[in-house]
Each structure stands twice: as structure tokens, then as C-alpha cells.
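Novice: Construct the complete structure from the given sequences, taking the supplied hints into account.
Numbering of the sequence shown is given in the numbering used here, commencing with residue 549 and proceeding in unit increments.
No lab work stands behind these hints, which were simulated from the structure alone. Watch out, some of these pointers could steer you wrong.
[To be verified] No more than 20 Å apart at the CA atoms, straight line, and that leaves these computed lysine-lysine pairs for PhoX-like:
#: 1; residue 1: K964; residue 2: K686
#: 2; residue 1: K1059; residue 2: K1146
#: 3; residue 1: K1006; residue 2: K1059
#: 4; residue 1: K1006; residue 2: K964
[Claimed, not checked] With beta-carbon atoms standing in for the labels, derived distance ranges:
#: 5; residue 1: W736; residue 2: L774; range: 17 to 27 Å
#: 6; residue 1: S1107; residue 2: G868; range: 36 to 46 Å
#: 7; residue 1: A824; residue 2: D792; range: 15 to 25 Å
#: 8; residue 1: S807; residue 2: L864; range: 47 to 57 Å
Virtual Cβ for every residue (Gly too), placed ideally from N, Cα, C.
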Amino acid sequence: MGANSEPGSEPVGVGACAEDACVLPTPEHGDEAMLRAALDSMFDPHVVLQAVRSPAGEIVDFRYAVANEAACAFNLKAPAELIGASLLDLHPAAATTELLEAYRTVIETGHPLILDDWAYPQDVLNGEERRYDVRAVKVGDDLSQTWRDVTDRYLTEQKLRAAVTEYRLLAENAADVVIRTRGGIALWVSPSVTEQLGWQPADIIGTDLTALVHPDDRTRIAQARLELTTGTISRLRYRVSRADGGWTWMQTDSRPWISDDGEVDGVVGALRNVEAEVAALEELRGAEAKLAAEHTRLEMVLTSIGLATWDWRVPLDAIGLDQGWAHLTGFPAAAGAPMTLRQWRALVHPDDREATDRVLHRSVQGDASVYDMEYRLRHREGRWIWIRERGHVVQRDDAGKALHVMGTMEGIDELKAAQEALSASEAHYRILAENASSMVSMADADGTLLWISPSVRKLLGWDPEELRGIDVARILHPDDLPAVRAGQARASEGVESSFEARARTPDDDYKWFEVTLRPTFDEVGRATGRVAGWRDIDAEHRTREELERSRVQLQYLASHDALTGLLNRREFADLAEAELAEGQPSLGLLFVDVDDFKEVNDTHGHAVGDEVIRAIAGRVAGCGNDVLAGRFGGDEFLVLVRGIQRAGQLAQVARRIEQVCSQPVTLAATNLTTTVSIGGALSRPGDNLDTLMVRADSALYESKRAGRARSTIVGGEWSGP
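Specialist: Rendered as C-alpha cells:
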């Protein structure tokens, strides 16, 4: 390994590589020339290292025997400089990072080397640490090695996990009701119990909370309470009685309350309303039933093309297998209960268990959501078959641990046999073996495909012969064609280019690829076509999109009230303070309070109360074109009115709000008429939001004292019933 150039800059040494050994042949130069051209067009560096042994036979170093163009650029060397050079002379960090010892192990044991996200300093440049996926296999007494710089992928995954963690922390700390109990008796309850369930804290304190739980859910509550006495943390969903006699689904996160002497002294729990989530779950169950028939049809299709599918429910230790498994391994899929992880592991070749365990552990613990691995599996007949398995974590718990993993398996015995044959006959070019991360194609100057590697079957589902002779644009997304045509034009001028494009499957789906396009030349140096290296970046695109969705959602949640969609108190305060700080004397503040709102909740319930608050919020927000509206809390709203010079102008806005808010709120069962009381104040030089709110709040108090359903503007220029 060596140092990469900074992203976006051309590595030193690429020009030398092109002059010395990188004229790529066209297919008519013969199979070996085609292999060499494809090798040099590949995205990843590849080298063959010859072991250097001491007189005692110990491997003390390696020398470069073969290197493709990407390896030359990576090491900042021309081929003549790199071939024959010492590994440790170029990269002393190979010894300090134990990479040299790993290479020795490959030669001595014959076991392939597989390193993912390997941290390695860039020796050739400034020693900056970067991340690589490294693969190496033994070829006689030589080492065939390829690697890939995955630093960007690693950093993207780190950012995504950070965003997901931040979102989870926001959710976990948003519990609506907090209760502390001892022996099931409530010792303290937060005031939010009134908003969520209609009870006053005094109604709850001193009572056995079991009486508030739905009878069908009490057995689980009793069991959880017993576990909590031993120090176990509990999470349950159950129905809780509301003050109006109805039931609400709540989720409780409970943990033991530990006294100063270290003993369990009761329980503290956080209750969150999950009524909407439970309804969504019921809807999902109905959808799952409808999908069962479609799943059976899909299973038949996958089996017909040689794929087995599996479904792993991690907490249950249950791996469901379809009929494709039976075709692949000879073991029946549906004869009994699902397979356990231990049973599956017993079928894995002993030499492959450590590697498969490592991949599964990383996926379950949250380090990777998608994986792709190859290993040997015992067939029912007793022989070993090669398997390629792709997995995707589709559900995790709040701690990030996988709950549900799905994936596919396919037999790759023919691929492995081809790889072994290639190793025996073309040891220096064995990295051309098919893999899932890249493919290679060759086209003429008009864009007609002359050849594409067999890996197109696995990556896109096409047979290579179906694509030969067609314009490559026929399998590319129309929106990406401008970038493709620009790259083809540069290749016609003899210039290498890279771009991202979507390629179509036979089912009219699309996958993202990073395409590196290099020109091919004839004997006199004229560009006659191009060789393209295709790297699968579909998972990377999904990661970017998921990260963007998380960022937008977090921004919205941080600045808006969940019930009304208005600005929350903090965001309103920040924006209002900023406008006041500009010193403009043309601002007015209205404090709006819904009259007798508690009576609405007590009479009609909190669900109706929430509908009333949403309706009032919409009317307040629409009271003018140049206003800033926010929810202060409960049934109170703040409105910052711009362009106000006199108290009378502010009074007109207040009157408009009074009028629209006094209109009946139409609900499913009834129409409710509400009124609002309003206090207002004009800004003065040097005001901040706190001083302006004090005057507006004082005016609001005057409106309520005078009988409610009216407005009062500080300064006395106007007040009205």
C-alpha cells in the first residue's frame, strides 16, 4: 500500500504510467492484451509481491513484481520505478501496522487476507491516516493484493451514525409524563399527566398505578415490576385509563430508583403517548398479510434464478429459509422450525467461521447495515459448496442493535472454479476474477459495447451477450446521459474522465455506479474507443439520502411545535430577539390566550382540545402577511407584527385575530365556539423580547380582568370589547 493523492487532484506519477506502460489494447490484440487492458482500467490498485526471505528462510520483505496503472498512481511511481522496489523501503508503516505480518501469514498458511476499514498512514505523502479495504491471496510464493480507499465511505457512515444518535437522544428525552413509585404506589408525577391523560397530579399520587392499567395488560405490568426489583431496566407498551374514561396506549421506559446506600428504592418511569404508533403497527400488520402472497411469488422467481432468501429475527434467534435454500444446499427449508444461528454456524466451513462471525457481529452491533461475504457451506451430501451472501439490516432497536436482517444467498462454485483456473494459468492477472464491487466494459468510438465482464450478471442481471453490440446509452438513465456524453467526448480526445450514472436492470430498476472512462489507442496513438471501470455505489447513495433526510427532520423538530406546526417558543424567541436587536421602532407584540380552555378539555377531552388548539393556531398565523407567529405553551400564542407605527394599527391586527378566533371550530361531533383575550405592546428603543413580553402580558391581564374576549394595547390609545 502507499499514499493516495488528495480527492479531486491528479496523483503524481499518473503521467509517467501512461507514457511507459498504459496503452490499452483493443480486443483484436488477443486475450492476454484484453486482460491487461481491463486490468489497467480497473478502479482499484493491484500488485503482485514476491517474498524476500532471509538465509534462514524467514520472510523479511516483499518486492513488487506486477503493478497495474492504479497501483502506480497510488505509489506515485512509474512502472519501471515500482517494479523490483522493496515494500518496506516504500512503506515502512507496513511493519509498524502489522500489515507485513499479515502478508507473511497469507504466504505461510495460504489463507486469504480480508481487511475492512483498515487504518493506514499515507507513507508517500504526509502520513495522514486513511481507511482501506484490503484483499490478498497466495500465488505460489508470491502475494496477489488489491486495495481500495474507503475513507469517504467510512466518514459518511460515521456522520450518519452521529445524526441517528442525535435524533434518538431527542426522542428518548421527549417523554411526556414522569412518575416515581414505590411498591406500585405513585410518590410523584409530573404536571404533564394532565395534558396527556386528563388527571391532576393529586389524583395520581398515593394510588396504586395498576388500577389505571387496562385489565388485559396487568399481567405484563406485574412481571415487569418484579424484574425491576432486581435492577433490570424495563420498556413496555400498555393501555392507561384517561380521566374521561377512555384508554390511551402509552410506552413506559422504567428503571430502578437507587438510594444513596445503593439499594433499590422504587421505580422511575417515563411515559410517552404511542397511540399513533400502535395504530400504524396495526395497519402494518394488515399490510404484511397482503404481502404474504406476493412474497410467495417473489420466492419462486428468486429460486428460479438460483437465489435463496433468508429472514433473521435476531432477538428470537430464528432464521427463516425459503425453497431456494433447499435447492442450494439440499437441506429442507420448510420441514420444521426456523434454523438457529448456532445450527447455521455448524454448517459453515471451520476455516471461514471467524470471518463470518466478524461480519455478522459488525452488522448486528450497528457498525454496518449492508454486508457482502463469501464462505464455504456444507451440502447435505457432505461436500463443501461456495456461497455468496448479501445481508441488509432492515430494523434496529433504540440502542442501534439489529432486530431484523434479510438477505440472499447464491452458489458461486463455478466462479470459484474459474478463479482457481485463472490463478493456475494467469497468476499475474488473477484479480480479474468476478466480484460484486466492479465490472469492466470496452466500447468503440461510437459508444457501441464490444465486451463487458461476466460480473454484469450479478451487478445488473444482464447476460453479457445481451449487451454486446448495443449503444451503452440504452441501459443508462436518461437524466445521466449529459454527463455520460461529456465523458465520451473527453475520451475521444484522449482524456480520462470519471462520473456517476445509473444503469438499468432487465426489470427496469436502476443502480448507481461510479464510472471511470479511459481512452484506448491504436498503434499510431489515435483514440479508437474506451475502457470503462464500473464501481457499484448504490449503497453509498442510499446512505447520503438517509443522512439528508435525518438532517432536515432534526432541523424541523428543533424549531417547530409538534401539535400546531407553529414556531416553538425557543425559535420564536431567537427570531424576535434578532429583529428587536436591529433597533427598528416599527414592531408590535401580541400575547393571545384562549379563554376558558381548561373547560374545553374537561368537557370534551384532550383530543378535542388539541383540535381546537390547532384551529386557533392556523387562524392566528393567518392574521396578516407581515407577522411572526409562535406557540408560547398550552393555549397561549405570541404574534410579532411588523410595520407598526401606532397603537391603533396594532389594535386592528388584534381585532382581526379576535374576530377569526371567535368563529366556531367545526369538529366531527360538534361545533365549539371559543374566544381569545389579547394583550399588546409597541416596541421601544432598547427593548428586548423579555421587556416587550412583560408589557404585553400586563395588557393581557387587563383584558382578562375586564371580562375576557377583548384586546388591550399598552399606551391606552385603544381597547375594545
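Novice: Does each hint hold? Answer for all of them.
Specialist: Outcome of the hint check:
no.	hint	verdict
1	K964 x K686	holds (15 Å)
2	K1059 x K1146	violated (56 Å)
3	K1006 x K1059	holds (12 Å)
4	K1006 x K964	holds (14 Å)
5	W736 x L774: 17 to 27 Å	holds (22 Å)
6	S1107 x G868: 36 to 46 Å	holds (43 Å)
7	A824 x D792: 15 to 25 Å	holds (19 Å)
8	S807 x L864: 47 to 57 Å	violated (37 Å)
The structure shown violates the earlier hints numbered 2, 8.
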